[in-house]
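4 protein chains.
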Amino acid sequence: MSDIKKVVLAYSGGLDTSVIVRWLQETYNCEVVTFTADLGQGEEVEPARAKAEALGVKEIYIDDLREEFVRDFVFPMFRANTIYEGEYLLGTSIARPLIAKRLIEIANETGADAISHGATGKGNDQVRFELGAYALKPGVAVIAPWREWDLTSRETLMAYCEEHNIPVDFSTKKKKSPYSMDANLLHISFEGGVLEEPWAEAEEDMWRWTVSPEKAPDEPTYIELTYLNGDITAIDGEALSPATVLEKLNKIGGANGIGRLDIVENRFVGMKARGCYETPGGTIMMKAHRAIESITLDREAAHLKDELMPRYAELIYNGFWWSEERKMLQQMIDYSQRYVNGDVRLKLYKGNVIVVGRRSDDSLFDESIATFEDDAGSYNQKDAEGFIKLNALRMRIASSKGRNLLED
Amino acid sequence: MSDIKKVVLAYSGGLDTSVIVRWLQETYNCEVVTFTADLGQGEEVEPARAKAEALGVKEIYIDDLREEFVRDFVFPMFRANTIYEGEYLLGTSIARPLIAKRLIEIANETGADAISHGATGKGNDQVRFELGAYALKPGVAVIAPWREWDLTSRETLMAYCEEHNIPVDFSTKKKKSPYSMDANLLHISFEGGVLEEPWAEAEEDMWRWTVSPEKAPDEPTYIELTYLNGDITAIDGEALSPATVLEKLNKIGGANGIGRLDIVENRFVGMKARGCYETPGGTIMMKAHRAIESITLDREAAHLKDELMPRYAELIYNGFWWSEERKMLQQMIDYSQRYVNGDVRLKLYKGNVIVVGRRSDDSLFDESIATFEDDAGSYNQKDAEGFIKLNALRMRIASSKGRNLLED
Amino acid sequence: MSDIKKVVLAYSGGLDTSVIVRWLQETYNCEVVTFTADLGQGEEVEPARAKAEALGVKEIYIDDLREEFVRDFVFPMFRANTIYEGEYLLGTSIARPLIAKRLIEIANETGADAISHGATGKGNDQVRFELGAYALKPGVAVIAPWREWDLTSRETLMAYCEEHNIPVDFSTKKKKSPYSMDANLLHISFEGGVLEEPWAEAEEDMWRWTVSPEKAPDEPTYIELTYLNGDITAIDGEALSPATVLEKLNKIGGANGIGRLDIVENRFVGMKARGCYETPGGTIMMKAHRAIESITLDREAAHLKDELMPRYAELIYNGFWWSEERKMLQQMIDYSQRYVNGDVRLKLYKGNVIVVGRRSDDSLFDESIATFEDDAGSYNQKDAEGFIKLNALRMRIASSKGRNLLED
Amino acid sequence: MSDIKKVVLAYSGGLDTSVIVRWLQETYNCEVVTFTADLGQGEEVEPARAKAEALGVKEIYIDDLREEFVRDFVFPMFRANTIYEGEYLLGTSIARPLIAKRLIEIANETGADAISHGATGKGNDQVRFELGAYALKPGVAVIAPWREWDLTSRETLMAYCEEHNIPVDFSTKKKKSPYSMDANLLHISFEGGVLEEPWAEAEEDMWRWTVSPEKAPDEPTYIELTYLNGDITAIDGEALSPATVLEKLNKIGGANGIGRLDIVENRFVGMKARGCYETPGGTIMMKAHRAIESITLDREAAHLKDELMPRYAELIYNGFWWSEERKMLQQMIDYSQRYVNGDVRLKLYKGNVIVVGRRSDDSLFDESIATFEDDAGSYNQKDAEGFIKLNALRMRIASSKGRNLLED
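Protein chains in written order, with our numbering: chain A, 1 to 408; chain B, 1 to 408; chain C, 1 to 408; chain D, 1 to 408.
Bound conformation, chain A alone:
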């Protein structure tokens, strides 16, 4: 323990991580470098500077990572139509590898030998931070205060603050929320509080980024998204950067009551947990990406992606972004997107994302074949007979050999 000289901390500027600064300084007698990232969480990051300075931190990193976050993490993930356990769009999970990357980069720049974070010992985020850190700097030490200290209740934490002169207004939330929250450009999440009872309905005033479908406008909003190689490059004809795309979709989606989710999910560490999420832009992107793929992607390419998606999602959820297997899958996914170009038109209305049109110069939709009229060009209906007969052959043989395929 005692041989750690300098530690880079993922620092939000909030109360918990401010306590960690002091606790690290005292417990490990080491220098603390703070790193605060703007990932689009919707709070100012610059105030973290003064707070860190007040705690005696000399090396303070404050980065705007929004574009990198969406371009290199969110967009690649959406190319795969990634959903964890059929529901969750991985808003928290996908931000962690980027934070881990910056922690290690800063450790390398500042000569730090350790990193630290404010995630608890029961959640997935500790895993995601640490797997990323170990992957990128195998000899790094990791300090996870929540697994070490005894400040595990609000009371002991407050007592520590008082004892160590940590101003309690370091708390980023004006009045303490009953929920454990996390936010970035992709989503805001809620855990804890009343949510720990899976039968209890989430309270309406918990939600922050979306109006309820009930309160959403009575008139639908139509938007048109333009795709290039599987990524959105324009909204309603206006070219936008990745982060700006997501910001704009969050705004439009949130206003239309889109993107709320309330689930019980399976954590990598082994237990089930209730989580509520608001992912307005992501919910729109998911629906739209499938729509543009539906006309530009080969059938078997799409099916292969679908079969591998749950595993890809699991890898991201579990924190294996920097692993070889995630990169292998990404190679395959990215390659598949080279024709995923075109436009998707959507109708947004009170929580619904409705695809109303899709078009592409790379479309594989062939009206002349799909039509119900006479055989056109390359399709001869009589081919279907042979197609069916040979697809049936193995079953016909089994049946003719005496197997009863009905009651078997």
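No copy is singled out in the list; a pair is fine if it fits within one copy or between any two copies.
Below, simulated SDA-like cross-link-like pairs (lysine to any residue); rule was C-alpha separation at most 20 Å, straight line: (1) K248 - T221; (2) K327 - N229; (3) K251 - T233; (4) K248 - D343; (5) K347 - V211; (6) K347 - V194.
For the record, the hints were derived by calculation from the structure and aren't laboratory data.
Following the hints, position chains B, C and D against chain A.
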């Protein structure tokens, strides 16, 4: 050709299949047995009797298959959370193997040596009917008039009717819809017409089973579904048979604007096709089943199901219900449902299906572990360190051996 | 620690586990129950009784588990054609869940609150023992001395023996092997020593159960295996119990130089390790089972099994035998075996297992179709044209839409 | 039919394809272009020129495709450790897409509107040829004489020769083999004759490229293979081109009795068929490639490859080489090979391929961790406890909630 003596036809009582009756009688000089099924399509089936009689049919089968359809086909499919290409709930696909089964049973009863159907040579339904028929009676002959005859336009068909004295009011739809439609208890589908242009929005008056979200009530509807072994057995505490469950959910869902879908899908025969679907009850069931599984299913069981689901969906879509591989997957899926018991509470509102609660005597949700308070019972936060370190080991070794996992 | 009253130890009677008996008694001040299993490792188990008694053990369990081992573990695994990482037949892995099961059964019988084993902290076996124990008795305590104590070298261990009056002839091997070995009816394994250098060839005198191919007889041995539901029930027409089948195949295989393997494998705990294995009977069974399946299993059933096999193998390797996902897969696998009946004829010669014939009343091989002569019965060569054309359709469309499938 | 002007025929120079030349000229009244490829089948291709000329062919293509075959088809396939149905190394399958590619290239060069081949209507090769042709030239016509003509017996074929003045010495085999054979650098295959009875042992004098293990040398042969990015670049230190690598391994393997296989396989067209194969070099490559991967590939990368391999194999077997999904998988596989560098040392002896050593500058084998001695550097045995406990957590919860994981 000429050696076919008797053929069982899947007969809707509509114009097209009435033409087929006559065409089979004339072309094959054989006896025609008609089979009309009530699968919950929402039209009377009994009138088919008089029409068949008028065409000289002597053996007429009219069956109410609604309970068998939901119990033995729809429910087993929903145990797998089955979705084709991320969107489609397989409403048409899942009815075909049951019709194939009855066609063959009737062929066996009546001594028929062939079956026939009214599906075109470009679609999936011909495949589904015929794969089922061949699997269950390998020596059966199949007659697919749409692949053989030249009555491929409305005009030629009408001319045939006139020439052969087939009353045109055999058409089941008062005025001819511009769409090709199919309906059963699970859904109603629309193809053709304006839908053949994927950029064109579906017209509001196409939809039949659901009101638009805009026209749905301004007040939400709450319902509670009870599950036993993965199947719904009661709604709001009232025990219901499988078909009745689905009927009721269709009604509630349709009234709340739930279950519309507009997609471009990949057919088994190789082309892309636009389809619109209304699946009100199925959309509710899908969401609810995931919710009850979320608290009762082991994590890896759920993930295994998720990874195999796309293949299972593809098998049903492609018509391989009676295949060995579908049955193998079903064995696994059904086994996994033995603890999928409990209640799900849903809020339905203008197209949205919102899970607001789930509970079960077989719940694996363990509040004492998931809570953010101090370590309880079986969970020790310090275990996470070793867990992470060994999960990271292979990446740490790779990195320490000189591989750059960041830029690799 | 100190609240453990009684511990059940997997006891081989050898030096290491004898030291553990004493170490447990002293360190935990608890009663030790020993459990020694005959899994066909080829050593007497009864002598373990006197040794345990000499160490003051009062409750001594010595079980012959050979039939249960082969019937309920080895045979089910071979139904899946299970191979880990393309090579390893899982001889060690498959014995562990049975030992875990018995440890827990004995703990329940004797009122013990803990179990213990002699596996190191770097290997897979600790994981397999403990996952099994936790699954079957969630509140059990596990003591893994090799992760706790400091007797980690041969010297410190010997010193402990001397100090605590443990007779060194408790060592089961007359002269200490340089290898770490494990044996049961399925295989004997070797790790450590010169094997830790992956470039070094294993020494000939390491191998114990097989002669080298060079020393095997110059005349081949022919055998005939009879299968029922995927399991071998007779050899050369003689009905045999599961364990007797494997014993006999080990003898025949070993005499013919069959079943040696030298690999580098990936452990669950994260590192690579060199292992050498002798699996004479298992190597024969693997080849023969594929042969009987080749004529009795449907194509897609076989392919589905092949695709899931690596995951099934990984589950067993990693110790998840008692998990829900392993059982789900087993349901599917076992179901698939209901027609896997018949005979396989093999030629064994100097390390080679050569299939020379297979036959079955449930064969799906249809000579009349496979023959190169004129079309017979159910196969019409002209069907192939339509089959190919529709299989090609999606590629033809892509190509005709301007995609270059050659250089893409 | 009659509008075909020119057809490119895959022409072996043998009797069957010579008959096809004449049959095409007469039946379709079109010009025939012949294409004969040297794929390493071990027969002169140049004699095909005179035969084609004698049949009046004006455009004659004779290509040496050996290097392209191994470099662009065989090697990429072996990077995936590709095996069909657990046994078959796909020697025939992998040559077909290259022939299809050349047929289309020649069609484009010569302005032909059709291609033709000599594969029957019951086999896989027709599918592979035609899927390739359609993918690369969607409007091409395909003529498959064996599906059209009535020359389906040896007698009718001979009668046709006599009638049309086709010299019977066009037969490439001196005396007619009872087997249907196919050969290229990767293998030679045998079907038909006595093999149509799966219980009958193949006759010793059928085999052509390998001596029997019995006749192989009594002394083992040691070789060392050098890998770069997953491909063999040198044997025993001598740098060799891809085709030369395979030629040399065929020679060494054949001399040592390596690479015989006798299986019943499942054809894409739906029936089972018996096939015998000699793949001496490929058998060596398969074993060696796994060995070099065993020390250079990340565990999960290897497992992902293993899980996808059966599907990749199926794609090649079924003829989908030019499909999007095969290319997607190839992207992933090729990417995974960037560190698959190093040497493998093999002992070849009477049918056995025995790995005796593997080494690599990119090895991930870490002796300091794998050793049984005290904890070294990055591995702390105590980490295993937490690792196991959290891996067990979901089972512990299920068990503590009352589920019986033993009897469930």
